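With the hints as constraints, model all of the structure from the sequences given.
Listed below are the residues making up each chain.
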Amino acid sequence: MVAHNYVFVGLLLLVAVGFALAPLALVALVAPRKRSPTKADVFECGVRTHGETWVRFRIQYYIYAIMFVVFDVETVFLYPWAAAYGSLGTFALVEMTVFLALLFAGLAYAWAKGVLRWA
Amino acid sequence: MDVGTALIAQSHRVDLSPTTAIVWALWLLVGFAGIFPGIVAYMVWLERKVAARFQDRIGPNRVGPFGLLQPIADAIKLIVKESIVPRPADGLVHLLAPVIVLASAFLTLAVVPFAVGLVPIDPPSGLVYLIAVSSLSPLGIFLAGWSSRNKYSLIGAMRAVAQLVSYEIPQVLATIPVVLWAGSLSLVSIFDHQAKFGWNAFTPPGLLAFAIFLIAGVAEVNRTPFDIPEAESEIIAGYHTEYSGMRFGLFFLAEYLGVFAISCVATVLFLGGGMPLPFSSFPVNLIDGSVGSYILADAILLAVFLAKVLLFIFAMFWVRATLPRMRIDRLMNFAWKYLVPLCVLNILFAAAWFEVVVRPGRIEAGRWAVGMIGVGLLTAAGVQLVFWANRKLAAAAPIDADWPAVGAARGG
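Protein chains in written order, with this note's numbering: chain H, 18 to 136; chain U, 6 to 417.
Just so you know, the hints here were simulated from the structure itself, not pulled from any lab data. All values reported here derive from a predicted model rather than from experimental measurement. You can trust all of the hints, since none of them are fake.
Covered stretches of chain H, as calculated for chain U (at least 3 residues, CB under 8 Å):
1. 24 to 33
2. 36 to 42
3. 63 to 74
4. 81 to 90
5. 111 to 125
Glycine included, C-beta positions come from ideal geometry on N, C-alpha and C.
So this is what it looks like as structure tokens:
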């Protein structure tokens, strides 16, 4: 029964993609198409682009991404605990407090190591 | 089976009988492909009107009365514009990126209970689904910036991803108190819980979670003061610099659909959905099984729901007209050093509130008062603690040390 919910999600995905592609198809039919080398240039404030664009980027972004993955996985653990909390009793609260303390220690460590410094 | 009863049945038991197929078709074709984009089109009109008033202008008033036909004129204009794709760009990815962002915004709305029975689907893991599909939009935004092969686009995309993943953590953590109290991840159960115990925003940990959810929500849809991914004064238009015509229109539509979706979700999670009174299950208790009572209750619920959503949307426009853009380091700091610790503490406060107030199964005046004062003081102390710790740490390592130019400009 529950699986059928996701049939709807699949249909909705089709509708959403269709809703996005339909106006693009319409544009292909009615919009003008006048190509010119200048128009097809990369727009960087009218100055000719210089050097390669697809370069390696500063590491700071990836460190934030790693922090995100860590915390996102934690939340996946927190959800079932929260949903079942009413029937779990006090011990579950203690356990989760320990878990949150560990989580917090991780954040504090990253903080102390300067991971959260944008410079 | 008439439509009203079919809708009630549909919210509780999903099967693929012909009536369900009709209800689904109605949702998909009338709701998702008709009403929601219509609402979004008029949100754009409303924002232009509201922003104009804030700046002492009149706003669109030429196309139709009060400029009401402006969205139609805009749509026609977008369709007849040429779609320019830069020569070095990755064509296929450039095309798919706005489609992914738009699909993500559409999928978010699938679990929102607009009124009793008026919910497209109610999976038991509704919130997990919600977070999963809303995480798709950073992917689309990044693909847009990367595929354009424009340096400003790439910078905008990197900023967008850093910001979106950072604010997703507090946004997700802020929903945990709500789940804890309702004992379920389903948005319908969360709505039912609030019919019994009052709106979640009217509890101390709920109010804190609500505030965090709203702040993170504004960041998730890239709006001022969190719009550094498309900061026009520094990086042209960020990730959608190389998008023109209808392809840009899709990003635009997705942004406003995202604003609408986040307002709907905030209303359901914290403001009791469509219920007009905070501590009463008023229109829901009218339903006595007859179709007439059902239609009456749902009309009230839907009207109040839309009014609350409109309030949120207006608040976002107001914030946009009032606050300047945040600097990127402060923006990231705010998510990780303020909001995340607050959310983690708030989970414990939420557990305390559960023990004091929710555990008996109904609101008891004495326990409720103890909870409001006790947990309220605890929550206020938690907020003070996080801000105090941050002030201490910031004083130990002034931010100007990271930004010599800022210190020099201040004459320090």
